[in-house]
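**Q** What follows is each chain in one-letter form.
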Amino acid sequence: MEAILFFVAAIGALGGALGVVAMRNPFYGVLALVVHLFSLAVLFLLLTAAFLAAAQVVVYAGAVVVLYVFVSAYVGGQTESAWEPIPGQRFLAPLLGIALFVELSVAVLASSLRALGSGGPEVAAGFGDPAAIGNLLLEKFLIPFEASSILLLLAAVGAVVLASRPSTPGETPPPLVPWTEHGPAGGEGVGGPSERFAREEPGASGDSGTTLHRRVASEEGPPAPSPAETPS
Amino acid sequence: MTAEWYVVLSSLLFAIGAMGILLRRNPVVILLCLELMLNAGNLALIAFSRMVGNGQGQIFALVVMVVAACEVVVGLGLIVAIFRRQLPLDVDELRELRG
Numbered sequence: 001m002e003a004i005l006f007f008v009a010a011i012g013a014l015g016g017a018l019g020v021v022a023m024r025n026p027f028y029g030v031l032a033l034v035v036h037l038f039s040l041a042v043l044f045l046l047l048t049a050a051f052l053a054a055a056q057v058v059v060y061a062g063a064v065v066v067l068y069v070f071v072s073a074y075v076g077g078q079t080e081s082a083w084e085p086i087p088g089q090r091f092l093a094p095l096l097g098i099a100l101f102v103e104l105s106v107a108v109l110a111s112s113l114r115a116l117g118s119g120g121p122e123v124a125a126g127f128g129d130p131a132a133i134g135n136l137l138l139e140k141f142l143i144p145f146e147a148s149s150i151l152l153l154l155a156a157v158g159a160v161v162l163a164s165r166p167s168t169p170g171e172t173p174p175p176l177v178p179w180t181e182h183g184p185a186g187g188e189g190v191g192g193p194s195e196r197f198a199r200e201e202p203g204a205s206g207d208s209g210t211t212l213h214r215r216v217a218s219e220e221g222p223p224a225p226s227p228a229e230t231p232s
Numbered sequence: 001m002t003a004e005w006y007v008v009l010s011s012l013l014f015a016i017g018a019m020g021i022l023l024r025r026n027p028v029v030i031l032l033c034l035e036l037m038l039n040a041g042n043l044a045l046i047a048f049s050r051m052v053g054n055g056q057g058q059i060f061a062l063v064v065m066v067v068a069a070c071e072v073v074v075g076l077g078l079i080v081a082i083f084r085r086q087l088p089l090d091v092d093e094l095r096e097l098r099g
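Keeping their order, the protein sequence lines are chains V and W.
So the first sequence is numbered by our numbering: it starts at 1 and just counts up by one.
So the second sequence is numbered by our numbering: it starts at 1 and just counts up by one.
Just chain W, same shape as in the assembly (with noise of 0.2 Å):
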């Protein structure tokens, strides 16, 4: 397969991702749809580094991995606190700084 196929199927799914999370309004499935778009965007890194031949966009990939990771603990600790204030799940209710 050629580098194309995969680049186009990057730049779907972080497409897929941008609408999830416009679309949706639960904090959890936003989260998720980052997820979807932190993917995509590996997915291109190492396909160009497979184009290139040079391993070095793998670790370009391995540190957004960790970002993610780091993203993924954070929001998720912010949700388990909105949850336990009695605040709506809900990113429309959810506008002001100030819990």
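With the rest of the complex left out, here is chain V (with noise of 0.2 Å):
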């Protein structure tokens, strides 16, 4: 029974992280990291760590999930191009990866550690449990979590200081999408602001407009043909 949940688990995780890998709009390989996380829940829970499962769960699929699909769905996707800088590189990488994990199955299975070769010794009951925890994280490890602590509170900081928009007078950023007045690249197709104005509402009211436009409308009468229909 713990050997197939094992086997399952750990086919959910290599297939997770391989959807991660290989995926080209980075939303799904957002979606194959929570197959992955779940997966590696599982195996925590196999490995009687009941409180961290939990918080793999909590934590990750929760927060840290939803922050990558914020960002990812605020980024857009964009699919990466088929142009590789590095000649190779599609080759090279997963030799690479290969050449990793052999080097650390030899270095992990080759040394002598005589617990490797068995399940570990019998625990009692409450091991992994949130009591457990929580007594070794406030009584033996209490500076390493308040040094976390101060950690997050920093790294919440930087995040907003990171994404909040820069508006320092000294620098002077790229401006941002024209997108209010000119339509999205400069406006190249109509014209200025007032011209698209007098093309596009001749005579809907009557007072507002640029001078030119009132112009022709007084001279061709209160039944105004739009000045747009005449071929330019």
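Each hint should be verified, as a subset may be incorrect.
What the hints assert, rightly or not - Covered, in the sense of this in silico footprint (three residues per stretch, anywhere, with C-beta under 8 Å from a C-beta of chain W), are these stretches of chain V:
(1) 45-59
(2) 115-128
(3) 142-155
To be verified - Output of the computed footprint for chain W on chain V, the stretches with three or more beta carbons under 8 Å from beta carbons of chain W:
(4) 8-20
(5) 27-38
To be verified - Some, not all, of what chain V presents toward chain W, calculated at C-beta under 8 Å:
(6) ALA73
(7) TYR74
(8) LEU96
(9) GLY97
(10) LEU162
What the hints contain is simulated information worked out from the structure, not anything from laboratory work.
Even for Gly, the Cβ is constructed at its ideal location relative to N, Cα and C.
Please assemble the complex out of the two chains, which come individually in their own frames, going by the hints.
**A** Below is the structure:
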């Protein structure tokens, strides 16, 4: 039973990891990461780390993945171009990955750790549950606990500073996209705003408009034909 | 299951994450692959903790989780800042520190 659960969770974790690497759209990569994280939580449960499995699901699948989803939706699904700046990167990278795997496996399995071939000693019933973790965290590891809280605070402040708009007057950041006035790319199709107004709304409201528009409308009488219909 | 299986699985996941960092050029995907590597490290830490029969290794994994959350927050803030400045989201284009 334990072996079946292990292999199912291991296949899920490997499939999720390969999906993160292989998906061209980062949004689907985030979804593959969710599969990977849930499989890892199952593996943590098999290793009698109940609190860490719960923390994995809550912190990663609950908070971190939501951040990833928001950012990848904000940035947009940008698929990478097939152009390779380093020639042979597509073949060298898996080769180096396989070399790293072999190296790590040899380094661990050839070590003389005696407990590596066993399932570990028998542990008490409360091993790895929230009470045990809390006791360890607040008694023996109090200083790392406080340091990690300071680290979280600094990361939150840093993220706010990084993601805010640059507003110091000294530097001149590149302008944001001018969607508001002239269209997406500086308005090459339509001319200025006044010309567009004269073309699009001729005589819709009587007293507004440019001086040219008013002059044309008064010369041609009340049923003003639109100057946009004349071929330009 | 013996602890060897967990350690080999962890090193395989770590290698997949490293391969993704070498292979991909989108910074969002590179952060995702960093997550894979950190989680592989967590799995190895918890497996070793179970091997020893001591719960202190799980505290290590918890601290790694906190550091991973901080890294995600700062990295995604950087990506949002890069995107707002109209720079290309491609690590081969982003070679200069000067924005």
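**Q** Each hint: holds or not?
**A** Comparing the hints with the structure gives:
1. 45-59: Coverage by chain W holds here, the residue count being 9 at a Cβ distance below 8 Å.
2. 115-128: Holds: 11 residues of the stretch 115-128 of chain V have a Cβ under 8 Å from chain W.
3. 142-155: Coverage by chain W holds for the stretch 142-155 of chain V (6 residues, Cβ < 8 Å).
4. 8-20: Holds: 6 residues of the stretch 8-20 of chain V have a Cβ under 8 Å from chain W.
5. 27-38: Held - the stretch 27-38 of chain V has 5 residues with a Cβ nearer than 8 Å to chain W, which meets the minimum of three.
6. ALA73: violated (11 Å)
7. TYR74: It holds, given that the least Cβ distance between V:TYR74 and chain W is near 7 Å, below 8 Å.
8. LEU96: For V:LEU96, the interface hint holds, since the closest Cβ of chain W sits about 6 Å away, which is under 8 Å.
9. GLY97: It holds, given that the least Cβ distance between V:GLY97 and chain W is near 3 Å, below 8 Å.
10. LEU162: With Cβ-Cβ at 4 Å, under 8 Å, it holds.
Checked against the numbered hints above, the structure violates only hint 6.
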